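Build out the structure end to end from the sequences listed, making use of the hints.
Below are the chains, spelled out letter by letter.
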Amino acid sequence: MSQINSEDVRKVAQLARLDLPEEAVEKYTSQLEKILGYVAQLEKVDTEGIQPTTRAVEVVNVAREDNTLKTDERESLLALAPQREGDFFRVPKILSD
Amino acid sequence: MSGSEAPWEAVIGLETHVQLGTESKIFTSASTAFGDAPNTHIDPVVCGLPGTLPVLNEKVLEYAVKAAMALNLKIAEHSKFDRKQYFYPDLPKNYQISQFDEPIAEEGWIEVEVAEKGKETYLKKIGIERLHMEEDAGKLVHAGSDRLAGSTHSLVDYNRAGVALAEIVSKPDIRTGREAAEYASEIRRIMRYLGVSDGNMQEGSLRCDVNISVRRGPLSPFGTKVEIKNMNSFSAIHKACDYEIERQIKAYESGEIVVQETRLWDEGKQITKSMRSKEGSSDYRYFPDPDLGPIELSKELREIWRAELPELPAAKRHRYADELGLSIYDARVLTDELSMAVYFEAVVAAGAEPKFASNWITGDIAAYVNSQRISFSQLSFRPSQLAEMIQMIDAGQISGKIAKEILPQLLEHGGSPKLIVEERGLGMISDPGAISLIVDNLIAEYSKEVEQFRNGKTKLQGFFVGQLMKKTGGKADPKMANQILAKKLQG
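Chain order of the listed sequences is C and S. The first sequence begins at 1 in my numbering and counts up one residue at a time. The second sequence begins at 1 in my numbering and counts up one residue at a time.
Incorrect hints may appear among the rest.
[Unchecked claim] Below 30 Å or equal to it, Euclidean Cα-Cα: the simulated BS3-like pairs (lysine-lysine) are:
| id | chain 1 | residue 1 | chain 2 | residue 2 |
| --- | --- | --- | --- | --- |
| 1 | S | Lys471 | S | Lys457 |
| 2 | C | Lys11 | S | Lys139 |
| 3 | S | Lys299 | S | Lys171 |
| 4 | S | Lys273 | S | Lys139 |
| 5 | C | Lys11 | C | Lys27 |
| 6 | S | Lys457 | S | Lys418 |
| 7 | S | Lys84 | C | Lys11 |
| 8 | C | Lys70 | S | Lys139 |
| 9 | S | Lys273 | S | Lys84 |
| 10 | S | Lys93 | S | Lys229 |
| 11 | S | Lys93 | C | Lys11 |
| 12 | S | Lys273 | S | Lys117 |
| 13 | S | Lys273 | C | Lys93 |
| 14 | S | Lys471 | S | Lys487 |
| 15 | C | Lys93 | S | Lys139 |
| 16 | C | Lys11 | S | Lys225 |
| 17 | S | Lys117 | S | Lys269 |
| 18 | C | Lys93 | S | Lys229 |
| 19 | S | Lys125 | S | Lys93 |
| 20 | C | Lys34 | S | Lys84 |
| 21 | C | Lys27 | S | Lys84 |
| 22 | S | Lys448 | S | Lys459 |
| 23 | S | Lys139 | S | Lys93 |
| 24 | C | Lys11 | C | Lys34 |
| 25 | S | Lys93 | C | Lys70 |
| 26 | C | Lys27 | S | Lys93 |
| 27 | S | Lys93 | C | Lys93 |
| 28 | C | Lys93 | S | Lys84 |
| 29 | S | Lys239 | S | Lys119 |
| 30 | S | Lys125 | C | Lys70 |
| 31 | S | Lys479 | S | Lys401 |
| 32 | C | Lys11 | S | Lys418 |
| 33 | C | Lys44 | C | Lys27 |
| 34 | S | Lys355 | S | Lys117 |
| 35 | S | Lys269 | C | Lys93 |
| 36 | S | Lys124 | S | Lys355 |
| 37 | S | Lys459 | S | Lys418 |
| 38 | S | Lys139 | S | Lys239 |
Please keep in mind that the hints were generated in silico from the structure rather than gathered at the bench. Nothing here was measured: the structure is a model prediction, and the numbers come from that model.
Okay, here's the thing in structure tokens:
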């Protein structure tokens, strides 16, 4: 029983802004199918009567005080960006014409 | 009643983003200061670098819960953060940390007072769907064009990225542009009363998006929903809604289709314009943020925070009208800004009659405060001093005219009205002996006029009152002066 088809793979690639060559779609469809099949083993576990959880670590209410810390990191952070212009990050044109 | 002949009605809902006034950002210790040089308030967490861990600012939680309580929302015992994925360069991480299916609060309402010139003021309860916490995005500057379309590239400033927001979603209970503007201004008033946000729309600390559709009466199905953005004043919200209602009705009546889209309010042209958007229907793929643990609010903590809530604007308006006997209009003006309400209450507590206090505060004093661009809390003229002045007028020690004369000095420097009146010799002369003496002198001085008066020319009493006021610098108690004059003139 197939859980994923080539359309799903194209959509996921598009959402992730990945430029997927057509020949890779076939390959990834079968690979993702295998991964999903592997994860699907979890469905066999009996979860009757167990509260759903969103996480594996049981911590709640982790919070910090409202204090500021001046870290002069602008230069090093801007240096990591592919492009900068003065003190701004520079990004390519957002809308295509 | 439904069908094509029923009158059109608009269905409006608002999404309001309120910047919570904390010192540091929602998940990191970078500063939230406004107006600094680009990218001065960024750090590895803001930029979403690998290996960084966001940690919730406890003040954000407190402010969000207090805001939710003030909006009569039910506070969730269990709440969590989710990632909302979308690609836009104002988000350094390509996802926004927000709350999806377990917001901090749901199901509330506020009461707004809808006042329009020439129409009767009415109260309206507007439902609130939810309030959730999320992080703000950065700011883009589009280069090569003043608009997004046509720009060659964009520049990004992440100072605002990660600033804490409360997003408040109303129910579609709003029917007119005026109601939408009143709702938004009441939300701001409540946030300011709570001290959780400055609500400054020009600086973007309060932003409203409007969802709006029209239909043929309440029994018809909803029309196509259009979103409007880019309104940075309450009057812009009012006008944008009214414009959009008209536009949609016209479209339907001329057989056109209203498309589901986002439109921008153009303040210069006073119209809404379709916004070009590349993204198709969005697919945010929300999932729980694994970096942030869930929030569980104990009953004790909720009770502590609830007890710290101040009296809110609607409650004050009711109290001023019901208990202090003020008009709905005065109650509304006095409670608009918390600092004015606090000042008013202090004046009343110091013994002034509420209606007189209201008149002075909303009149001359508010005019002074506005012209000086200060707050009532910064006024040199203290509430106890205004109360003293009002009581002096009440007791007949000074006239309203004299009060206006000493007001500029009081507004500027404060001080005791009693002392100022004494120093400047402005007190009313209400000592019968003193007035009689002046009258005797006048009778001696103007014997000819006295003679004429006694021969029936009683109109001359006005002449004597004038002379008496001239001699006393306008300070004689007018009622007493008239009585004594009348008696002595008759001889």
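task = Would you mind confirming whether the straight-line C-alpha gap from S/Lys299 to S/Lys171 stays at or under 30 Å?
result = Holds. S/Lys299 to S/Lys171 sits at ~27 Å (cutoff 30 Å).
request  = With a cut-off of 30 Å on the C-alpha distance, tell me whether S/Lys471 and S/Lys487 pass.
outcome  = Holds, at about 19 Å.
task = Assess, step by step, whether the Cα of S/Lys471 is no farther than 30 Å from the Cα of S/Lys457, and give holds or violated.
result = Holds, at roughly 23 Å.
ask   = Does S/Lys355 lie within 30 Å of S/Lys124 when you go C-alpha to C-alpha?
value = Distance ~26 Å between S/Lys124 and S/Lys355 Cα, so the pair holds.
ask   = Does the alpha-carbon distance linking S/Lys273 and S/Lys84 stay inside the 30 Å limit?
value = Holds, at roughly 27 Å.
ask   = Does the alpha-carbon distance linking S/Lys355 and S/Lys117 stay inside the 30 Å limit?
value = At roughly 23 Å apart (the allowed maximum being 30 Å), S/Lys117 and S/Lys355 satisfy the hint.
message = Would the hint linking C/Lys11 and S/Lys225 be met if the CA-CA limit is 30 Å?
response = Answer holds: C/Lys11 to S/Lys225 is near 26 Å, not above 30 Å.
task = Below or equal to 30 Å on CA atoms is what counts here, so check C/Lys93 against S/Lys84.
result = Status holds; Cα separation ~23 Å.
request  = For the pair supplied as a hint, S/Lys479 and S/Lys401, confirm whether the alpha-carbon distance does not exceed 30 Å.
outcome  = holds (15 Å)
query = C/Lys11 and C/Lys27: Cα distance at most 30 Å?
reply = With a Cα-Cα distance of about 15 Å, the restraint between C/Lys11 and C/Lys27 holds, given a limit of 30 Å.
Restraint check for S/Lys239 with S/Lys119, where alpha carbons must lie at most 30 Å apart = holds (18 Å)
message = What's the verdict on C/Lys70 and S/Lys139, does the C-alpha distance respect the 30 Å limit or exceed it?
response = The hint holds at about 21 Å.
Hint violations for this structure: numbers 6, 19, 30, 32, 37, all remaining hints satisfied.
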